[in-house]
Amino acid sequence: MHIPDGFLSILVAILFWAVSILVVAYALKRIRLELDEGKVPLMGVIAAAIFAGQMLNFSVLGGTSGHLLGAALATLLLGPWTAVIVMTSVVSVQAVIFQDGGILALGANIFNMAIVGVFVSYTIFSLLSKMFQQRRNGLLISAFAAAWGSIFIAALSCALQLALSATSPANIAIPAMAGIHALIGIGEGLITVGALLFVTAARKDLLQLRGSGQVSHKGILISGLGISLALAVLSPLASRYPDGLEWVAEQHGFLSLARDSFYQIVPDYSLPGIPNPALASILAGVLGVIIVFSVALSIGKARNAAPAQEIDKKSL
Amino acid sequence: MKEPYQAAASPLHSLDARVKLIFSLCMLVLISLTPFQAWASYILFLAVALSLALTSRLGMAFVLKRSLLALPFALAALPLIFSGSENRILLHIAQFQIPINLQGLERFIGILLKSWISLQIVILLVATSPFSQIQRAFRFLKAPELLVSVIGLMWRYLFVISDEAMRMIHARDSRSSRLPGAKHSGGSLLWRARVTGGMAGSLFLRSIERSERVYAAMLARGYNGNLPPQKEQAMTMRDLALLWLGIGFLVLIWLLGLWSLG
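Chains as they are written, first to last, in this note's numbering: chain A, 1 to 316; chain B, 1 to 262.
Wrong hints could be hidden among the right ones.
[Unchecked claim] Computed cross-link-like contacts, PhoX-like style, restricted to lysine-lysine with a CA-CA straight-line distance of at most 25 angstroms:
hint, chain 1, residue 1, chain 2, residue 2
1, A, K39, B, K65
2, B, K142, A, K29
3, A, K204, A, K29
4, A, K218, A, K130
5, A, K204, A, K130
6, B, K65, B, K2
Read the hints as simulated data drawn from the structure, not as lab findings. Note that the structure is predicted; figures quoted are calculated from it, not measured.
Assemble the whole structure, with the sequences as input and the hints as a guide.
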């Protein structure tokens, strides 16, 4: 679900950067207001644990395996605002240091995994656990639903971003992402429930969300509900339009306006002998890449012949 | 888990991380702003990335190998080739006729190139700058201090905790032997999921308790909610000049791409 750079149009990237910055800034403010100095090491170490926890997996069928993403677990154990910061840290380090997800696309990735993931799991969990009151099975069912929902809705959001960028046709991206992540969400749900069983057995005092009697975050509840409903309604609607979300551009004219004024797309360069301009420019591009490669490779060969002085490569 | 930083003696390694970060961000934005038909720009951006890889003494093979990482995501853009109704040609392969949308194909290649070149730039940034330098550079760019501190602490414990997770995985594997021919070890799917969940829960508890010890140790050393401020040196004239030159060059490449479209 980590979108790399290049897959989002600059408009979509900037839009989601803006939303993510606002929400994360608000979360930081909330945490600063709590005046709890112990929060910084707690968030740092838990972010490391979520990152490492994503290595834990179990075999499902053949070569596939289920593994943890952690937004729901973090929400249940730390409360929503802390979880937003923890997940933001995880997603940012994955993007910047390990190139799992792009940097321009980081705003969208934070939105999907840190904001949507946390808000949706908070909403589902608090609504369901209120319904089930204090029953133990209710806790587990709510946790499962919260984890599954966080993955599923985040995947819908990711698919819509790709469709909005005209990178992936909505009628293919949305059903594909939804289908795959409906399955991945089951793994997430099962692991989250397992983790919760362990935590309730070992240290029940750590559970932040126990339904009633806790500080409730109405804002998150409402926005979580809003996000879930909007995505659940928008997605099937969007996937009815086969030409991606180009229809949005046509109907409202804002995307095409932005694009056309920026680049006058005049396809009038051609390679001799090839009548189709698009084909010609593709061929020209491929040719260019080959040339660059062979030049660069030969330079590289020449350089390798002269031994580069390297300091001992330390690896951790 | 391995740290991506690769120590070496090269001009790129000794360059101020702030210069590298700002240059990389500019390049990412410009690549993203390049229209899909401006192949000239792509080629030159690729040339910039590859020559930086050479300057870093890490070699192109190193960067190219790592940059294959994002390839699976290309699947998301693949349908572009076959969808849409204008500008179609029919490709004849054996007895199949495959309709290809040339504009879609162009977009697909453009997206792939954008993503590939961007990835190379980020790989070079983190391979030539240690984490502490990158953290400093983000502070310099006025990233929120609280977030930077949390990420700094996260990095400090990431390797400790991922070792812990690895030890848990080893422990599980060594306790659940597998019969030859069996598809998996352990019990049913639910059982396996629950065991993994228990491991995750245990990892969380250990980490929460570790963070309490870390906090106590920090308090004992005078922590009062803020990390001690570090003196920030201003960028040297040489660094600034280099940065502006580099950005100017990138903008030229971008303009060339626009111009080539007419």
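Okay, the hints, checked on the actual structure:
A hinted pair counts as satisfied when its Cα atoms are at most 25 angstroms apart, and K39(A) with K65(B) does not qualify at roughly 39 angstroms. Restraint check for K142(B) and K29(A): the C-alpha separation of about 16 angstroms stays at or below 25 angstroms, so the hint holds. Restraint check: the Cα-Cα separation between K204(A) and K29(A) comes to about 28 angstroms, which exceeds 25 angstroms; the hinted pair is violated. Annotation: proposed proximity of K218(A) to K130(A) holds, straight-line Cα distance about 14 angstroms (limit 25 angstroms).
Under the criterion of a C-alpha separation no larger than 25 angstroms, the hint pairing K204(A) with K130(A) is consistent with the structure, at around 18 angstroms. A distance of roughly 15 angstroms separates the Cα atoms of K65(B) and K2(B); the hinted pair therefore holds under the 25 angstroms criterion.
Going through the hint list in order, the structure does not satisfy hints 1, 3.
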